[in-house]
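Model the full assembly from the supplied sequences, consistent with the hints where possible.
UniProt numbering applies: residue 1 is where the sequence shown begins, and numbers increase by one.
Pair ranges (Cβ atoms, derived):
1. P177 x V35: 38 to 46 Å
2. Q19 x G78: 39 to 47 Å
3. P169 x V35: 40 to 48 Å
4. N330 x D105: 38 to 46 Å
5. H141 x G86: 30 to 38 Å
6. P193 x N330: 43 to 51 Å
7. P318 x G347: 19 to 27 Å
8. R332 x P226: 49 to 57 Å
9. R331 x R225: 51 to 59 Å
10. V50 x R109: 38 to 46 Å
Honestly, the hints are just simulated from the structure, not real lab data. We put the CB at the ideal spot given by N, CA and C, even for glycine.
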Amino acid sequence: MDGTEQLHEAQSPASPASQDAVLVEVTRGGRVESVHRGHAVVCDASGRVVWSLGDPGAVIYPRSSCKMIQALPLIESGAADAAGLGPQELALACASHQGAAIHSDPISRWLAAQGLSDEDYRCGPETPRDIPTRDALIRAHGAARQIHNNCSGKHAGFLTLNRHIGGGPDYEAPDHPVQQAIRQAFEEVTGEPSPFYGIDGCAAPNFATTMTGLARAMARFAAARPEGSTREKAMVRLREAMAAHPELVAGEGRACTELMRAMDGVAIKTGAEGVFTAILPGQQLGVAVKITDGTTRASECAIAAILVRLGVLDPAAPAAVKRMTPVLTNRRGMEVGAIRPAAALLG
Numbered sequence: 001m002d003g004t005e006q007l008h009e010a011q012s013p014a015s016p017a018s019q020d021a022v023l024v025e026v027t028r029g030g031r032v033e034s035v036h037r038g039h040a041v042v043c044d045a046s047g048r049v050v051w052s053l054g055d056p057g058a059v060i061y062p063r064s065s066c067k068m069i070q071a072l073p074l075i076e077s078g079a080a081d082a083a084g085l086g087p088q089e090l091a092l093a094c095a096s097h098q099g100a101a102i103h104s105d106p107i108s109r110w111l112a113a114q115g116l117s118d119e120d121y122r123c124g125p126e127t128p129r130d131i132p133t134r135d136a137l138i139r140a141h142g143a144a145r146q147i148h149n150n151c152s153g154k155h156a157g158f159l160t161l162n163r164h165i166g167g168g169p170d171y172e173a174p175d176h177p178v179q180q181a182i183r184q185a186f187e188e189v190t191g192e193p194s195p196f197y198g199i200d201g202c203a204a205p206n207f208a209t210t211m212t213g214l215a216r217a218m219a220r221f222a223a224a225r226p227e228g229s230t231r232e233k234a235m236v237r238l239r240e241a242m243a244a245h246p247e248l249v250a251g252e253g254r255a256c257t258e259l260m261r262a263m264d265g266v267a268i269k270t271g272a273e274g275v276f277t278a279i280l281p282g283q284q285l286g287v288a289v290k291i292t293d294g295t296t297r298a299s300e301c302a303i304a305a306i307l308v309r310l311g312v313l314d315p316a317a318p319a320a321v322k323r324m325t326p327v328l329t330n331r332r333g334m335e336v337g338a339i340r341p342a343a344a345l346l347g
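Right, here's the structure in full:
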């Protein structure tokens, strides 16, 4: 049964039947012009929902917000240590990066050290999202490569795991041992079976879960102890790598990078179609956000507001202001409106 067939047998992601809530408002002339609806869940170390808006049971695709879960088998299998991977490589395994040299160069070295190259990827080429890198590639009459794909770090992790276990070349196939190991880890940390999967932009399967399942997984990352089980140790390594190298997880000017720099030890990760997750080790809390219409401006506003609500982000920090309460201007530079969290999100 493929992912499409499974989808027809289960609740669709963030379906209209889900009771979403207004999370973000867009104003103009002092009035609310439009709203973004969605779901937000905070779980504690026990997996209990301690706060929510919308429907905690809404089933979603976590998209790239779950890359740290997808990286668990890389460490737990021993593949990461066998390949000599350090915090930078682990951060890149969790990244949705810009394709700048700071991202592609270390990933290229990572692959080369294992006798692998761009041709071994199954993620597809992507024009670099980093503008200077993109422009330099155009001027040189170069072509986009798979190493420029924003998921190339995650796929380098897949390739490393695959080489370690001796799997076939189609490591992105849902029935491949690499993806089966990821599915097992995903279901274990979310605490529930995944009802279906979809194929992500980078060709790998993306396993669905509930909002609570995703927040529960992040809480388990937050509560993991360095002296704990093999899984806990892997979780600690990944969350610490992300927090220590925010520039590798996303890139300059990106929300993940700037917001992590404004906090102490908190790891956050965006995903396509309005998803965001956060790992708060100090509070042992996990956060999941999904904007129903898939809008990035709304997911960034919502996650920033929740991080402020939970006391880990200073609302006056430039990175917080930029995402949580940005001013809207017209083409003459006049202030005409704003984006703001809904009152229920602020508490």
